[in-house]
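Q: The listed protein sequences derive, respectively, from chains G and E.
Residue numbers for the first sequence follow numbering that gives the first Met the number 0, so the first one is 0 and each next one is one higher.
Residue numbers for the second sequence follow numbering that gives the first Met the number 0, so the first one is 0 and each next one is one higher.
Heads up, a few of these hints could be off.
Derived PhoX-like pairs: lysine-lysine, alpha-carbon spacing no greater than 25 Å straight-line [as the list claims (entries may be wrong)]: (1) G/LYS273 to E/LYS426; (2) E/LYS426 to E/LYS526; (3) E/LYS487 to E/LYS388; (4) G/LYS258 to E/LYS93.
In short, the hints are calculated from the structure, not lab data.
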Amino acid sequence: MHELLLYAQTPPSRHNQLLRILSGIAGTQPQRVVERHLIFMPRKLHDSRGQQVGGTQTVQNQQAQALQGQLQGELFHLQLVGEIDDEQFPNEDGRTLEGIKAQGDEVMRDAGGRDVETRAQQGNPSPIEPLGDAVERPYDFDKQLWSLRFHDLPEVAGRRPVTSRMISSVDIIDGNAIEFMDALGYKYVSEYVLEGHRVIHNNLIILLHRIMLFPPSPANGASISSPRKSLPPYGSLLPLDPSGGYVLQASARVQDGTKPESINLGINELRAFKDMMKGVVELEIGDRLALDTRVK
Amino acid sequence: MDSPAPTNTLSLSLRAWPASNASANSLSSLIPRINEQRGHFRHVTEEGLLEEIKAAESSDDTTKLEETQEEGAGVDDTRSRKEELLLAREEIAKQIAQAYMEAYHALDFISLLLSKETPRVAEISLSPAVQQLVPLGCLGADKIAAPQLSPEELRGQELVSRGWKLQALETATESLSNSADRLEKEVESENRYWVQILAVRDKGWSVCRLPRERHTLGVRFGFGEAAAEFKERGLAALRRGEDGKIILDQGIASSQNKSVRVQMRRNGAITGTSTIPEVPKPEESDSVENLILQARNSLYEEELFYELSREARQLANQGVRTIDDTIILSLGDTAAQMLIDLVPVDEATGTESEYPSSLQHTDDDNDIAQGIALALRILLSYAHRVNLKRRSQPPPPIDRKRPIQPHSILHPILTHLFHQQALRALKSLLDSLVGPVVAAGLQANYTFDTYTNCATTSPIQPLAMTAAQKARSANMITPADAVVDRFKDRLESIATVYFPGCQTLTLEIHTSLHPPTLGTEYIIMTKHSSPSTAPSSIGEETHKNSQHQPLPLPPPRVRFNSVNETALHLSWTLSRSIVQEIRSFTPPPPSGPLTAAGTTTTTTTTTPPGDIPGEAGWEPLGGQQGTTTELQKNFPQRAQIRRMKIEAAPGRLTLRWGETNGKAGWKVHVWEEEGGVRGGEPKSKLVDVVRDAGNWSNKAPLLIRRHDDDEELLSSSPIR
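Only chain G is shown next, with the shape it has when bound in the complex:
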């Protein structure tokens, strides 16, 4: 699967306005997205040199060559991504859950002061649905569902007016994902929380988000070797960008990256979106090296 991307940045003061514009363009309500990203890297880097050193005349068979190629190839970080709910964050002294909710609801308060559907309604279970499903329990790490994601290094810019990269996403629907990563030879590096809103516009997934970091644990600020089992209060999360700015990411996913017609469809949609947003935000190609996922 290929992903085509454009990025823009917006200060927190413009967040609500931008979100309203986006939802107007798409004709749908924005959806709240809170994701927990765990980052993993290969535990042991391979030797930089292959086994065969020196001038050997033996002809390698194809399989061995392919394996060699893989061994010599780059190593990449992997991510486990799990969706969480706002309600799963524990309460904090002085700042209740309702407070957080109310703050979130301001996001989509229209001019007349009426609440447009946001998280407030998500709390209301539909009368048909059993109550237990909508009202959230405290966060349970063991019950969190993960999906395993791989993002390749973006292609060299210039050929296309958008960032394009290979991605792969696999939903892990059963079993212990953390142990699986361990067995795969990957070790936990760090984690962050992505929070924001998602708007769907035709084939585009528009994500207005920011990256939040966990507060440094008081016990040992040094390396933590495993992901946290519990979530800190929402208010204690620190934005990665200290100014609190948001990132607007417009992406189109293409099933087959070798098909030019599919790719062009995605590019054209992104380009049209970029033109439409001209004057609101300037969408640009992402920095290739900033999106680098290779292990150095």
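Knowing the structure of chain G, use the given hints to seat chain E on it.
A: For chain E alone, kept in the frame of chain G given last:
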């Protein structure tokens, strides 16, 4: 020449000084010039002018100084100066030639004029070129006296001019007052227009500018999730009419209001019609609010019909036809049809009274048609919601283009109709099976549990769905959606049938039109409340035949696709269960191997001597317990065997019995639904007939009885 001369150009004028023009210095020309140059007189003050003069003098000094300075610089530049002189000379020559030409032309003109009077003198001064072109004396001059006007005429002219002036003034006042009136009216109508616009806005309609005409207001009344062509039509311009009334301009779309009409047709006659919304009264239709509402309703109806037509094309395999802009649904084998068409609102209400067949309308059919019409609208609204839901979900990766499936509106309706039909057919089948059995004095009945899957929710959640996603999806399902959801996909009903012989059958009826299109399925599960005596069904043979208790296996499921097949199976099961019932009338004699229930072999040799009187002693033919519909009874003392055959069919239960001695025919008893009994004593019970047949004293008939109306000619040969 007060401006300083440019340094390297020749400041030499060879033209004559302009003659001092008397008019140039006249006061009338001076004042505008001063105005032009200095502005208004009040800005011109004495001090200012003095200063100016001073400044001019000082600047003159400086320029003179510059000139003297620059002359020194310009001396050595003699070469370019020479060239300039040459150019100036050329210029002078040109000017002189021009003057000469002009003088010559003037001379020619005068000479030509004089040539009329004194041709000979004039000829001398006339140029030869003119002489060639024009004949002499062709130009003349005369003195004309100005007309003398009488004082009356002068006065008349004055009066006329005054009259004209007055008239002009009058028209001017008139046009001014006219435009004042017009402006007043304009303001009034503009006011009315804006009040109406505000009223529309206050009612909650979204008023916006038209994308193509930025100066016109429009109102959006369409549906956001409609198909593209209808989505665009959901925006109409609010134009201002003559008197400020709003005109709803829907562009090229017809402003005629239309509505979807559902009609029931039975045997070619319309027997039911859904109600068409009434045409609003003229005084009501005036308000913009009403106009918008009508436009919206009409748009919705048109979209509904469009989607229905699209779907109907895909449902040709289900007997849906589109003929003459009418969608025709054939309701099974009956002559009933459902017609769906789009009719203009006013026309429909007009024609209804004209319908001669409107007398044939029945309340039932009207209700059905109305119900279907309502369901169609609800389903389109539901489809809109589904569309919004789909649009809000992250799209699948871009791949080849997928065709957009039409909304599912007719599907659920057809599913319902087919399911109802199946239920009706099954009900009548069960009635016709149970009726004769009850008439024969046996126990049988059935219960119906309809639409079992609609009674409970069965939300099918995707496998991997986080709590957050679940909450979100639950959030998107409104109660209205949930209601429709239950009726949408597959319909299930359950009938429980109790046959004699303690046999219970569970019939599941499933109807689904979604691919794979299986139509209606009948699934029959057999349960025995007393397994030891129960007849086995197909596929049960193996474990039934063993001596052990049957394992608690789930009841076997047998699937059928039509009610006829189901009827055959049920008839057969009923026949067998009656056989079982006859066997259980009295237990077999206490001795002998027959005591064990479920014995596989029954031979006449093992029968103990002595006839068993009455209804007891009948054994399944050939020992095939549970699968046969024939019984036999041994009369060892008379070395005779009597046989009995049970045939259950919809509407009829037949019992035949006879002897196998080669000369007997059948004696036939038939029980029918109404309880009438033919071929036997009236109102006789099955037990009595069996008892009669079991007593040797009752002779088997020697003649072959033929049924009067009937199905089958009994064979004249003895029973096999």
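Q: Now tell me if each hint is right for this structure.
A: To see whether the hints hold, each was checked on the structure:
Distance hint between G/LYS273 and E/LYS426 is unfulfilled; the C-alpha atoms sit about 63 Å from each other, more than 25 Å. Proposed proximity of E/LYS426 and E/LYS526 is supported: the alpha carbons are some 20 Å apart, at most 25 Å. Taking the CA atoms of E/LYS487 and E/LYS388, the gap is near 16 Å; set against the 25 Å cutoff, the hint holds. For the hint linking G/LYS258 to E/LYS93, the alpha-carbon distance of about 79 Å lies beyond 25 Å, and the restraint is violated.
Hint violations for this structure: numbers 1, 4, all remaining hints satisfied.
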